[in-house]
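J.: Residues per chain, in single letters:
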Amino acid sequence: MNRVGLERRETAVRTLESRAAHVRERANWMRRRLLRMIVDAGQGHPGGDLSSADIIAALYFDILRIESTSPAAPNRDRFVMSKGHCTGALYTALAGAGFFEEQELETYLKPESRLNGHPNRTYLPGVETNTGPLGHGLPVAVGIAVAGQIDRADYRVFVLTGDGELQEGSMWEAAMFAGHRGLGNLTVIIDRNRLQQGAGTEDTNSLEPLADKWRAFGWEVVGVDGHDPAALLETFDRAVEPRGKPLVIIADTIKGRGVSFMENQAGWHHGVPNAEQYAQALKELGAELEAEMN
Amino acid sequence: MAAATAPAGLFDCRDAYVRTVEELAANDSRIVAVVNDSVGSSKLGKFRERFPDRLINVGIAEQNMVGVGAGLANGGKIPFVSGAGCFLTARAMEQIKADCAYSQQNVKLCGISSGVAYGELGATHHSIEDVAWLRAIDKLTVIVPADPWETAEAIRAAAAHDGPVYIKISRMPVPALERPEGATFAIGKGEVLREGGDIAIVVNGTLVHRALAAAAALAAEGIAARVINMASVSPLDTDLIAAAARTGAIITAEEGLAQGGLGGAIAEYCAQHDPVRMRMLGFPGFLPTGSAAWLMERYGLSATGIAAAARELLATRTT
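Chain order of the listed sequences is S and F. Position one of the first sequence corresponds to residue 1 (the working numbering), numbered consecutively onward. Position one of the second sequence corresponds to residue 1 (the working numbering), numbered consecutively onward.
Check before you lean on any hint, since a few could be wrong.
Among the chain F residues that face chain S by a calculated CB cut under 10 Å, a handful are [what the hints assert, rightly or not]:
id, residue
1, I56
2, E94
3, I187
If you are wondering where the hints come from, they were derived from the structure by calculation, not from laboratory data. Remember, it's a predicted structure, so these values are computed and weren't measured experimentally. Positions of the beta carbon are idealized from the N, C-alpha and C atoms, including for glycine.
Input sequences plus hints: build the corresponding full structure.
T.: See below:
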């Protein structure tokens, strides 16, 4: 059994505090590692990577029942990365969870790398479906959840979507159907950083009242601080309890979280820090890690 | 709406499609059907009665339908995703590309009542671009069966094939074709239904029986036309096409656009490997109001139209 599996087995006896500390450390590592990938590759989507890092760390390093050694196990939990452009966060998590060697992160976006700009399941174990164009992950996740419902399987399906992505009509087609089917095995996490590529979501095509929209579609809705590992873990622990309807977690996040000059700046949706900015980012993230350890 | 019944001696290929999917479902619990409110037009009412848990009706939402199909495949199912060909292909094109083909998910897409079956309902409801669009997508098998036997065989082959498949299923009545005993269907293989060395007529779907009638008429004039059924458009049976090119003349005909589909696929191959004179019969684009039968006649997708094109092509070769 790999590290993730062992950690999961120990979850029951670990305190929320120690679980959260572990997630926090892993998320900090992901942030530092993905920034290096972006600097080395000369491109990437740091804003969304950083806003989703804590959510993805909580899932991969605590919640998901997955084995890197059997990525196609029929009863595995599924994580669907609907916001497929945030590969920095996804690939660091997959490497950290043992799906491939950490060293391979150095090939990010290089010719013929398995680490394409958007995830590809035929290249890389642990990827459930190829995403990139927005609005694709949720319908596929709904299909997986329907299969689980038909088979009375006990795997759970998690989907991470951007908030801007909710402007895609296919997301609401899928949300409507998930509500209709009462898919209790399905959890959507919205990375609610309130920014899309060029501007604020509310200035572009407003999403609010967002919770009301999901409730109207037959979903249970909870809100959480998307950068508080303990709160995320508590919410996910509740998410996996039996229920008769799908659950959406609206995670309040900050685009670019963890790097002061990137935070809440739409311009860092994609972009590459220069040498000075990169040093500054590592310094800030290092200080955060140190503060956490003490 | 009462199910339409085909005239005596003719068959609606949807019947073979549902009969085969039901047969497969009875023996394999992984088989499920996904529809966009199209239970009736896909003739899946009986499937729903027999396998109520395995008929997933997403409502009128084609993007979600195809995405859900890909998800069901991820969950170990073999989904037959069925909807009117026009909506299934055009509305959900990116889901077909990204979720099914690029993701290599085991989804079977069934374009029902395709081609110009909806006749008078107009270009929004015609599915004549589908083969041109879908054969441009990598790693997606595209099959256009000609009659009930081939429809059933194509469905079985699709179920056995590990990967995404599009099957274009007509509702236009067609006869059951005569085949040699022991005939088999295979993805990537065409079949020679009539031998002939003067010209080759390469067709599929509803054009196959029309091409056979054209070949019979040409034979009476001393022209030996070979008729090749190329149900498998992608992958194409290039051996049969290379042999067809050696006759010196190829006619293609399909219930679809004249450009980009079966004829386009064969022209691409021949231009690069075996240059040969060709005529490609099909529809020019958005079509005027008219019944399916009228449209087929109007655009020469008939025995007489194919025979006339063959005579004309042979005439250009000899002058």
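J.: Evaluate each hint against the coordinates.
T.: Against the structure, the hints:
Annotation: interface hint on I56 of chain F holds; nearest CB of chain S at approximately 6 Å, less than 10 Å. For E94 of chain F, the interface hint holds, the least distance from its beta-carbon to any beta-carbon of chain S being 6 Å, beneath 10 Å. Hint on I187 of chain F is violated. Least Cβ distance to chain S is approximately 20 Å, over the 10 Å limit.
Of the hints listed earlier, the one the structure fails to meet is number 3.
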